[in-house]
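Participant: Here the protein sequences line up with chains Z and E, keeping their order. Numbering of the first sequence is given in the numbering used here, commencing with residue 1 and proceeding in unit increments. Numbering of the second sequence is given in the numbering used here, commencing with residue 349 and proceeding in unit increments.
Quick caveat, the hints were computed from the structure, so don't treat them as lab data. We put the beta carbon where it would ideally sit given N, CA and C, even for glycine. Hints are not guaranteed to be accurate.
[Said to hold, decoys possible] Among chain E residues calculated to face chain Z with C-beta under 10 Å, some are:
#1 ALA439
#2 TYR478
#3 ASP487
#4 ASN490
#5 GLY504
#6 PRO588
[What the hints assert, rightly or not] According to the in silico footprint, chain E covers these stretches of chain Z (three or more CB under 8 Å from chain E):
#7 138 to 145
#8 187 to 197
#9 247 to 260
Residue-level listing of the chains:
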Amino acid sequence: MNIFKLLIGVSVLLVGCNNAADDYIGLPTPVNFEVPANFPEPNYDFSANPLTAEGIALGKVLFYDGQLSSTGVVSCGFCHEQAFSFTHHGHTISHGVNGEEGFRNTQPLHNLAFYKEFTWDGAALHLDLQPIIPITSEVEMNETIPSVLSKLQADPKYSYMFEAAFGSDSITSGRMLKALSQFMLQMVSANSRYDAYSREEGEQLTPEELAGAALFNDKCASCHMGELFTDQSYRNNGLPLNSNFPEEEGRMRVSGFPDDFYKFRVPSLRNVALSYPYMHDGRFGNLEAVLDFYADGMVDNGNVDPLLKREDGSLGINLSASEKTNIIHFLKTLTDYEFIQDERFSEF
Amino acid sequence: MKVLNYMAITMMAVSLVACDNDDNTNTELTGEGTTRIEFDNSYSGSDLLLQTTSYSANGTEKIVIDTLKYIVSNIRLETEDGELYTVPKEASIFIVNEANEESRFITIENVPAADYVKVHYGIGVDQDKYLQGADGQGDFLNQATAQGMMWSWQAGYKFIRFEGRFTAEAQPEETAFAIHMGSHGSSLDNYKEVTVDLPVSAKVRTDITPEIHVVADISQLLSGEGKLYLEEKSQIHVDPDKSPMVATNASKMFTVDHVHN
Chain Z
1 MNIFKLLIGV
11 SVLLVGCNNA
21 ADDYIGLPTP
31 VNFEVPANFP
41 EPNYDFSANP
51 LTAEGIALGK
61 VLFYDGQLSS
71 TGVVSCGFCH
81 EQAFSFTHHG
91 HTISHGVNGE
101 EGFRNTQPLH
111 NLAFYKEFTW
121 DGAALHLDLQ
131 PIIPITSEVE
141 MNETIPSVLS
151 KLQADPKYSY
161 MFEAAFGSDS
171 ITSGRMLKAL
181 SQFMLQMVSA
191 NSRYDAYSRE
201 EGEQLTPEEL
211 AGAALFNDKC
221 ASCHMGELFT
231 DQSYRNNGLP
241 LNSNFPEEEG
251 RMRVSGFPDD
261 FYKFRVPSLR
271 NVALSYPYMH
281 DGRFGNLEAV
291 LDFYADGMVD
301 NGNVDPLLKR
311 EDGSLGINLS
321 ASEKTNIIHF
331 LKTLTDYEFI
341 QDERFSEF
Chain E
349 MKVLNYMAIT
359 MMAVSLVACD
369 NDDNTNTELT
379 GEGTTRIEFD
389 NSYSGSDLLL
399 QTTSYSANGT
409 EKIVIDTLKY
419 IVSNIRLETE
429 DGELYTVPKE
439 ASIFIVNEAN
449 EESRFITIEN
459 VPAADYVKVH
469 YGIGVDQDKY
479 LQGADGQGDF
489 LNQATAQGMM
499 WSWQAGYKFI
509 RFEGRFTAEA
519 QPEETAFAIH
529 MGSHGSSLDN
539 YKEVTVDLPV
549 SAKVRTDITP
559 EIHVVADISQ
569 LLSGEGKLYL
579 EEKSQIHVDP
589 DKSPMVATNA
599 SKMFTVDHVH
609 N
């Protein structure tokens, strides 16, 4: 009987110590999305794509993977550089594969959870679907979704990462897009000096910055509204047409309505000191040039927003030299240094 | 003899009971079945032949059609009593491609047994589906990409791809035309609903699979409620007036020719 018990014990041990450990994939680890105290409610439906550590990690690898482009070089991070608030440093318009050029300036990636639509002209109605545009654009990444998926399927690290994030190693477009969204949704920029001041966390603004804030509220905030610094509307701000890009129509390209000609979505001004050059085609190299334009450079391009018309019918916003200087002081307080150094978003 | 009499009576009784009328209309309305919808693309009553045949459009233009594809979604079946069976949304989206015969037959399973008299469906993709993000697209994103039914510069689907070549009285040189109609972001929703009546009911049973033969008269894309002259504009992609016109024309071009039960 003793031998019998011994045999049972040994066989239980043997059964217990099988290779189950190799097959064990844990459940994904939930990550909480924190809404900054001074921000509105998010627009993104997290219930359809809950944040997990594994989903975010997969999204990060995808974001920086050049395989999503036809030449293996152009990843999302190629144009969306963290140090410049995820814009394309110093580039007016961006170039994609093989130096192909588009006609739009790379926009920063921050606070995407709070937006209803995406891109300068509202060409994407949901964050998950936005990457389809750069991935399939011939002048950006020049790929097709099925072809990208086969490259991911052939890359051994992805089957493990997809399994960890989504429960099986099936690599689908839906999962790829959800993972990218999870990574991008994490990019919340809400810790600038302005935020610390706005949330009354003890940050002081200098007299110039305070003067600039008051001027900003008076002259700029009707469009660059609230803590997101945009009302998310599409407006024509009287830019002279850029003859380099006759194909540019603004939002009219998406809606078809002539009334949308040269209307662009009001961009957020967070981290604006880092995201030069400015406007949809990057035509202004610095903030001084932007304010000079608003004071004195607007033209009637056929469709200028009524908010930008003065009482005497002329176009523009009255700004003296010292007012411009103070506004720029204020705009610099919107730079979030934590955000651009946050390792969670970094390539290396 | 009495035994024989009893046996005869018994046998007669048994045979009477055994020989009931077991024809199809007595099958119970329980369980689920399958139905098939065929999308048969025609041109003014004639068969639609791609690439080779010239058709008249609006009386003044002649067109040769090279590509015809459209998205059918949100299929619902309705009974005489107004009861609706809604095909689950994620499974209810298809691309009908004239060049691919198999794609013209849509099979719908797990349909509650009933006599259906109407079919409702949408042409295109409704705004709700976009707002469901990646999860809501499922495998359809890949299908649409593979079939050239996704725009690149806008993250949206082409609801209809209608391409070919045309000549007109004042434009005798053959010119390409392409109509890609979809929704214009959130600004203009070109998704349209269609309802077709069935001339006889489609009897879905556990053992009957009705086939509903829908005919689409493609001549109505250009010559329906609204008239589109290709000479005026032969490339329609995001046109604020003509795109909705195409959508409306498309929604009215379907009839049910017959039903096989």
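Participant: Determine for every hint whether it applies to the structure shown.
Facilitator: Quick rundown of the hints versus the structure:
1. Interface hint status for ALA439/E: violated, as the beta-carbon distance to the closest one in chain Z is roughly 15 Å, over 10 Å.
2. With a cut of 10 Å, the hint placing TYR478/E at the interface with chain Z holds, because the nearest CB-to-CB distance is about 4 Å.
3. Evaluation of the ASP487/E hint against chain Z yields a held restraint, the C-beta minimum of about 7 Å falling below 10 Å.
4. Because the beta carbon of ASN490/E sits about 5 Å from the nearest beta carbon in chain Z, less than 10 Å, this interface hint is met.
5. With a cut of 10 Å, the hint placing GLY504/E at the interface with chain Z holds, because the nearest CB-to-CB distance is about 8 Å.
6. Nearest Cβ of chain Z to the Cβ of PRO588/E: about 4 Å, under the 10 Å cut. The hint holds.
7. Counting residues of the segment 138 to 145 of chain Z whose beta carbon lies closer than 8 Å to any beta carbon of chain E gives 3, which meets the minimum of three for the stated coverage.
8. For a cut-off of 8 Å, the count of residues in the segment 187 to 197 of chain Z with a CB near a CB of chain E stands at 0, and the three-residue condition is violated.
9. Using a Cβ-Cβ cut-off of 8 Å, 8 residues of the segment 247 to 260 of chain Z lie near chain E, which meets the minimum of three, so the contact claim holds.
Of the numbered hints listed earlier, those contradicted by the structure are 1 and 8.
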